[in-house]
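Protein chains: 2
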Amino acid sequence: MSMPISIMEAAREIRAGSLTPLELLERCLAQIRRHEAAVRAWVLVDEAAARQTAVQRTREAELGRWRGPLHGIPIGVKDIIDVKGLPTRAGSPLLGHRPAATDAPVVAALRRAGAVILGKTVTVEFACFDPSPTRNPWNLAHTPGGSSSGSAAALAMGMCLGALGTQTGGSLVRPSAYCGVATCKPTFGKLSTKGIVPVSASLDHPGPMARTAHDLALLLVCLLGIRNWRPPAVPSPPRLGLLETAALADCAPMVREKTHAAVEQLVRAGAVVQPVALPPIFAEVMKMHRRIMAAEAAAYHRERFAAHRDQYGPMIAALLAEGLAIPAVDYLAAKAWHRQFRRVAARLLEGLDALIMPSTPTTAPASLATTGTPHFQAPWSLARLPVVSLPCGLADDGLPVALQLIGRADDDFRLLSIAAWCEASWQFSALPPLWKSESLEPTDEGAKP
Amino acid sequence: MSMPISIMEAAREIRAGSLTPLELLERCLAQIRRHEAAVRAWVLVDEAAARQTAVQRTREAELGRWRGPLHGIPIGVKDIIDVKGLPTRAGSPLLGHRPAATDAPVVAALRRAGAVILGKTVTVEFACFDPSPTRNPWNLAHTPGGSSSGSAAALAMGMCLGALGTQTGGSLVRPSAYCGVATCKPTFGKLSTKGIVPVSASLDHPGPMARTAHDLALLLVCLLGIRNWRPPAVPSPPRLGLLETAALADCAPMVREKTHAAVEQLVRAGAVVQPVALPPIFAEVMKMHRRIMAAEAAAYHRERFAAHRDQYGPMIAALLAEGLAIPAVDYLAAKAWHRQFRRVAARLLEGLDALIMPSTPTTAPASLATTGTPHFQAPWSLARLPVVSLPCGLADDGLPVALQLIGRADDDFRLLSIAAWCEASWQFSALPPLWKSESLEPTDEGAKP
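Chain order of the listed sequences is Y and D.
Under my numbering, the first residue of the first sequence carries the number 1, and numbering increases by one thereafter.
Under my numbering, the first residue of the second sequence carries the number 1001, and numbering increases by one thereafter.
Here chain Y stands alone, though its shape is the one from the complex:
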């Protein structure tokens, strides 16, 4: 029996009675048992609690009692986000074992919609730069990207059907792109950051990760607590601005070719695509992003860093040391620049339905000592505009290539509809070679989590 791996399919089958929440959970747990030792996507799988919830959702389904659109859907939560009863470790030895007293609002919203919270996924230390132990399921010698590494890798392997992550620079889009899954960074401020370990209050965006644009829309609907939602109409054909990425970083020929091929598919399907040059202010993105992030992260970590500097990884320690040395006037100049940048970035969308560009300049680097470069994602975190990243194909190295669409502020659902339109053109459906067979036996334990 083929098991659904998109939320939409699974939810449809659960509603139809051809799949139970418990069966779906067991399939996810089987994937975890088989592949977790290699992929290392999870900090903690709360098997007992998840099974208890899945049993309850199964009973409710039998009685025709539906919690919401995510009834019985297993979800992974990045381990900087509070889940009641589980510790939030943030990839650091410093936060201790104390369980969170309440769910973060984003977790509570998914639970209300019927989701089964499966456990905590690996995050890069404090959602910054020092690589996590997670590996890229498409090639275990490659980084899965970060900082939402575990959420992306778990999704790519069907260990869960949806996940929560966060992005300050590129922490939703980069790992999703490297691992061949989809994500949406909603407009800044749309989702609560309460109950989430902060990196930088000016830049932190929580967001959903899944396999398709429709799944992302469904997750976002639930995260926002919207009732009776209907997807907005896609402008037909959408008018897209193809960003000239040379201003941001060198783009690998492999990614450039795949991007052009994917854009060509959109044009054949009727999209109007015009080139959009990046204004000169984009040259300062990485410097200003780093300055705001370093100062705000240092303000949050200050006391802990002073007391336990030796327990911080080298990359975050460098960031915090840098942040502590930034004068307030430089920080304020960066914030003034940020306001100006947001205006310039928003104007790029004039006359267009969305902007489009590769999510990353390369496929996942062949290294576990880096999570890759945020050059292609950080501008849109600064811009605070909604972003949807979707895989569009595989490069010659067998790794996924993804494109990101950037939309107007607060127009997240229209962007998701445009993304669904693009997705239909690309028809990306490849799975990591590691996945091998769908018919895993629960006893076939390649590895224990």
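If you are wondering where the hints come from, they were derived from the structure by calculation, not from laboratory data.
Fair warning: there could be bad hints in the mix.
[To be verified] The calculated lysine-lysine pairs, modelled on DSS-like cross-linking and capped at a C-alpha distance of 27 Å, are:
{"no.": "1", "chain 1": "D", "residue 1": "1287", "chain 2": "Y", "residue 2": "190"}
{"no.": "2", "chain 1": "Y", "residue 1": "287", "chain 2": "D", "residue 2": "1190"}
{"no.": "3", "chain 1": "D", "residue 1": "1190", "chain 2": "D", "residue 2": "1287"}
{"no.": "4", "chain 1": "Y", "residue 1": "335", "chain 2": "D", "residue 2": "1287"}
{"no.": "5", "chain 1": "Y", "residue 1": "335", "chain 2": "D", "residue 2": "1335"}
{"no.": "6", "chain 1": "D", "residue 1": "1190", "chain 2": "Y", "residue 2": "190"}
{"no.": "7", "chain 1": "D", "residue 1": "1194", "chain 2": "Y", "residue 2": "335"}
{"no.": "8", "chain 1": "Y", "residue 1": "335", "chain 2": "Y", "residue 2": "436"}
{"no.": "9", "chain 1": "Y", "residue 1": "194", "chain 2": "D", "residue 2": "1194"}
{"no.": "10", "chain 1": "D", "residue 1": "1436", "chain 2": "Y", "residue 2": "335"}
Owing to the predicted nature of the structure, the values given are computational and were not obtained by experimental measurement.
Since the structure of chain Y is provided, determine the placement of chain D on it from the hints.
Chain D only, in chain Y's frame:
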């Protein structure tokens, strides 16, 4: 003939045809000619432009064409606020003579309501601390307070009927209190700061100054562009919280006695007054206020200060040097403290219609080397709550004492109605001795501006 000195009276007489805008302007100009040399409230009186406008408003009045509630009312504008065609000097030699290209939105709003913009009033250098040449009309050896020194002194002498000022620490309330006039610091963010030389974006509040609470309400209605406004009902009797000011600074016995007498009058009129203790967080107000103000002012002045340090006064130079040395993490800690403080301050109003306390701990100090202390005003600038300050009587030294009422965020007009109710109990109507006689001849020029 007795000349009206409140906006309400003057507007009524202009509507009734018993006073023309031109007559009113000439009376203000006569006050300026007679007293400006002693008081030094004005940087620039644009007599020609004001007379031209007043002639026009007079003609319109004859034809029954009314611009708005301020038709023909002469207004002074603090010289950090742009008035089209006039230079904005901000009390500094550094800003040059270039005339402002457009009115600041707050000025434009008053013009639209029919006001006659009379000129620019003296401000303390860059609205900070170094005293201006303005003197207190009640006693020329005493400070008028700052930084809206000229607006307060001009109003006190009937040189204009309304004025614009700004407050970052106590720059509206303190000079108004010292000079025996009224002011309203509206809720933070209610009025645009566009076209105003900034001190500190987190704290800058533009606001109206006048002689009565009703005049302030009228000015605020015009500043906000509200049409068909009707004053909200005053809760009868209002429930007031009398703040224990010992936590903020020593209060002079003279001011304490006058405060208790004024509160006693309110109680006799039916108000319910209960003591309110200030939470411990108020002990940090001055430190945190200074830190936020210094960092933000330094960010704004940075380049100019580096190039022209010698042209800054000693107090602002010290502030900017301090600001340049503040680390971003300390600034961010102050901003986090600020968010917490705002929550604590807002909670003080629970179960009350307004808070009440003296506007200043002393009457105007007998010095021209200081503008007085902001200890009593700065907490409410940080709190971002609306404040109305009104004179309630004269102290034994013959100088005015004022009380300030603090209201709920965005409930500015109800606070103004409560203020009007208090004002009716106090019946403060004294004029500075300097005023002497109402019947000044235009030829009786005690001094030329």
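Exercise. Tell me, which hint numbers fail for this structure?
Worked result: Structure breaks hints 1, 2, 8, 9, 10.
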